[in-house]
Amino acid sequence: MVNSGRKRVSPAHRPWLLLVLLLLFFAALAWVYLVPGSVPGGLARQVDASLVASGVSSRVTAVLLNFRAYDTLLECFILLLGVMVVWSLRSAGTTEPRQPAVGAILAALERLLLPLMILVAGYLLWAGSSQAGGAFQAGAILGGAGVLLLLDSSPFLDILPKKALVWGITLAPLFFLAVGVAALTQGRPFLTYRFQEASLVIVALEVAAAFSIGLCLATLFAGRLPEYESEPAQDKFAAKRGE
Amino acid sequence: MNLSPDSSAWIIWPVVVPLLGAVVCFLYKKKPRLAGHFFAVVTCGTSTVLGWQVLSQGVGRHLLGGWSPPLGISLRADGPAALMVMMTAVTGLGITLYSGGYFQSRLAGDSQDHRFRAQEQSFWPLWLLLWAALNGLFLSGDIFNIYISLELVALSSVGLTVLSGKPPSLVAAMRYLLVSLLGSLTFLLGVGFFYKAHGTLELAVISKALAPTPPVIMALALVSVGLMLKTALFPFHFWLPPAHANALAPVSAILSALVIKGSWYLFYRFWQGGGLLAAVGIVPALLGSVAIIWGAFQAFSQQRLKMLVAYSTVAQIGYLFVAFPLLVDSAGQGRDALFYFAISHSCAKAAMFLAAGTFFLQLGHDRIRDLAGVRQLLPVSSFAFALGGVSLMGLPPSGGFIAKYLLVSKAISQDLWWLALIAVVGSGLTAVYVFRAVSSVLSPHLLEERPLLVVAASMQWSALALALLAIVLGIMAPLPLALLEVT
Amino acid sequence: MVVTAFDMLLCLTLVWLAWHVLASRDLFRAVVLFISFGMLMALGWVRLRAPDLALAEAAIGSGLTGALFLSALRKLAGTTKEKRRLDRDEER
Amino acid sequence: MALSPSLLYGLTGLMLFVIGLAALFTSPQLLGKILAVNIMASGIFLFLITLAHGSGTLIDPVPQAMVLTGIVVSVSSTAVALALLCRIEAAARPPAHLPKKKDEARQG
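Residue numbers (the working numbering), protein chains in the order written: chain V, 1 to 243; chain P, 1 to 487; chain A, 1 to 92; chain D, 1 to 108.
These are computed hints drawn from the structure, not numbers from a lab. Even for Gly, the Cβ is constructed at its ideal location relative to N, Cα and C. Take these hints with a grain of salt, some might be off.
Stated by the list, open to error - Here are the simulated DSS-like cross-link-like pairs (lysine-lysine), alpha carbons at most 27 Å apart as the crow flies: (1) P:K31 with V:K163; (2) P:K30 with V:K163; (3) P:K208 with V:K162; (4) P:K29 with V:K163; (5) P:K208 with V:K163; (6) V:K162 with P:K29.
What the hints assert, rightly or not - With the C-beta cut set under 8 Å, the calculated list includes, among others, these residues of chain D facing chain V: (7) L8; (8) V18; (9) A22; (10) T26; (11) L58; (12) P61; (13) L68; (14) T69; (15) V72; (16) A79; (17) L84.
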């Protein structure tokens, strides 16, 4: 590709040198990984000790939405950020023509699969508090359902009012912030739940997260900002001009 | 709000406010500028509260979710962290005021304002999110949380870089993104090795217990390389100049003044424990020395002003690493020198990039040899650019002078003569390329006709304010140094 | 737990697949291989007693990322079909 | 030392990381580089998961949570990278009504 602009000449000319270096690197990594040493063990015991206080019985969910909920908050913001950047890239760039319909097989598959996927997502969300499953998996399945719909050129993201789409995407980040700030106003640290409310709050957070994650993933796939689709020619022209 | 029993809540506000601001700007597209300014001011206020609290009450700790480490994540506000948050707040406020004028001028100046409006709508939420991520990075006490914050910083920086929409900036952003991802992944692998070695993700424990066992050395090496990639230290600097120089004017300032400081600060955090510093602290110092020389030569040979300023960043990053061997003893003067370089570079470089962006917007180009006469047209910006240059060179009484003074005197007291020499030679080289740019900007060439001024006044004055701050930092040195003592 | 033949086979297949994803000049083939790589990865995670992750990897890591790659390929095919053919001709 | 399954998978993860690294440097196409980054990420995730089996029979949920977060982060950055790639390709192609500046696409 000419325009990629980052052809690296030296490794391409000396692939063997690169290969040897990387093999050495792998050997070092593997040696360090295998070297026997005092293994301090992870945090399994601490997690188990605090599991009852966390409000859920699934250990991974407890870590994700209680012990390390701040990570999950930032992660929701990363998805939101992905949508922001993809939209800003598309809004100023060229717009692709709508993809053609994929065909009868997909339509049949879709009729069969969509209700099933939503059912599975609901089950995963529900199961998340005790077994494998949870907000991310449910969100992913919802996102997959959205992608399937989009593949069949169902313009559900376009039909959806822009406002509703944007609010849906920001639902989880906003809800997380609200839960965190509510704790602060009551004199507890950020994102602290009261024990008697913990399981309720976690379930609510999970539902919100699953919904927003699903919508974000579908939006990332669609990549279109509905608002700007009407001015393609002018946009193309504008994009070529200087700063 | 009632007086809270948890007295450490002020630590989290500098993260929460800009996060909320980003969402509000994303949702409220009608007047993003208004919301952006509001949240920038509030963030600045909460950051000031944080700085004041650290100064008066000492190190603060906020246990997120009420769980103490290693199970939970804690935020830790000590002197260096508070200083970086303050640096981001002050520089960020200046850049915010500039951006308001910048977008206003562009919307007023061009009838094709649809694209500019879209740019501005994307700019504000991305900038506030970046601000929040940087504050989160400075305050975080958990290495996996740092990884997520690093990704937030990287993605929002890339989002800001592509805003200009020019093909060179797109290609530069792609390279920036790939390098950033490589850096993050290397960092994450290092996090894995740290977890294997220590069984915890708490930064304070990890940076204190740097016993040189193989997993720890490997982890530290991986983390360091990842962070050096993101900071653009010498052999990894290739992505920086095109990305910084081709972005919109406020974005260039954000990237050069603030974003690289995030990963540099983490590098300091991982090395500050000192165990391995005596043995291999020389490596970052050597790379930094090469960066100072190489960056200065490259800066000198540039034809475009923004490219010159961007290569100057490559050189100044060298200074941020050159003082690492001085951290070995605990007297703290080496640390003071490092952080003084960081904060004075932040103000000076932001001022220079903002001024260069003003020239670009007014003239439509930034070719150095055709800048003559700009002094007459934009006296305030020209003065700001020159003042920023003064601080970069390290002339008294600027903040850059204090930093170099601390560095040289500490190096001499430790018998590291070559280090002192590098610092002085670097100053000379900086002077050469700064003079080249400044002499063109300030050249007494009279314009035949005065074109219409298209830039808003706030663009000129915010750059000047930052440049003046870079100078004043030299006079008010006791205050930041007192803050740094709180550890 | 002991290493079974299944583990060995799975690990070797993962490495082999990764190599072919990255060595393949045909991008479409690379993406398809990448999707199957993700599926096998999910299998590995079941084996490592992390069913949560197996679900997430199958759905996000393999499914959605694969869909993203495929849609990007389709968009690129429209813009660079001729250019890539020219490039390939040049290589020969 | 007996090779347990978790060690085997850990080594595989490290190998995947290195393969991805090699391809990131050598791949001539940007899409290949993005694929390489994804493979690297998968390798690291596999490596992290094996850390959950560090001691005894208890499985440590913290690495699992880390990997779940990591997967979402990685899909988000992949989406951004691919959107950027499409945009670069679209910008490199001259629009029909505008003469292409030759050097513009090559800069940077």
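We went through each hint and held it up to the structure:
1. For the hint pairing P:K31 with V:K163, the CA-to-CA distance comes to about 16 Å; that is within 27 Å, so the pair holds.
2. Of the supplied pair hints, the one linking P:K30 and V:K163 holds, its CA atoms being roughly 13 Å apart against a limit of 27 Å.
3. Restraint check for P:K208 and V:K162: the C-alpha separation of about 50 Å exceeds 27 Å, so the hint is violated.
4. In summary, the hint linking P:K29 to V:K163 is supported, as the alpha carbons are separated by about 11 Å, within the 27 Å threshold.
5. A distance of roughly 49 Å separates the Cα atoms of P:K208 and V:K163; the hinted pair therefore is violated under the 27 Å criterion.
6. The hinted pair formed by V:K162 and P:K29 meets the criterion: a straight-line CA distance of about 12 Å does not exceed 27 Å.
7. Using the Cβ-Cβ criterion of 8 Å, the hint placing D:L8 at the interface with chain V is not satisfied: the shortest such distance is roughly 11 Å.
8. For D:V18, the shortest C-beta to C-beta distance to chain V is roughly 4 Å, which falls under 8 Å, so the interface hint holds.
9. For D:A22, the shortest C-beta to C-beta distance to chain V is roughly 5 Å, which falls under 8 Å, so the interface hint holds.
10. A least Cβ separation of about 5 Å between D:T26 and chain V falls short of the 8 Å threshold, and the interface hint therefore holds.
11. Annotation: interface hint on D:L58 holds; nearest CB of chain V at approximately 4 Å, less than 8 Å.
12. The restraint placing D:P61 at the interface with chain V holds, with a minimum CB-CB distance near 4 Å, inside the 8 Å limit.
13. Restraint check, D:L68 versus chain V: the minimum CB separation of about 6 Å is within 8 Å; hint holds.
14. With a cut of 8 Å, the hint placing D:T69 at the interface with chain V holds, because the nearest CB-to-CB distance is about 5 Å.
15. Below 8 Å, beta-carbon pairs count as interface contacts, and D:V72 has one with chain V at about 5 Å; its hint therefore holds.
16. Annotation: interface hint on D:A79 holds; nearest CB of chain V at approximately 4 Å, less than 8 Å.
17. The restraint placing D:L84 at the interface with chain V holds, with a minimum CB-CB distance near 6 Å, inside the 8 Å limit.
In summary, the structure is inconsistent with hints 3, 5 and 7 from the numbered list given earlier, while agreeing with the others.
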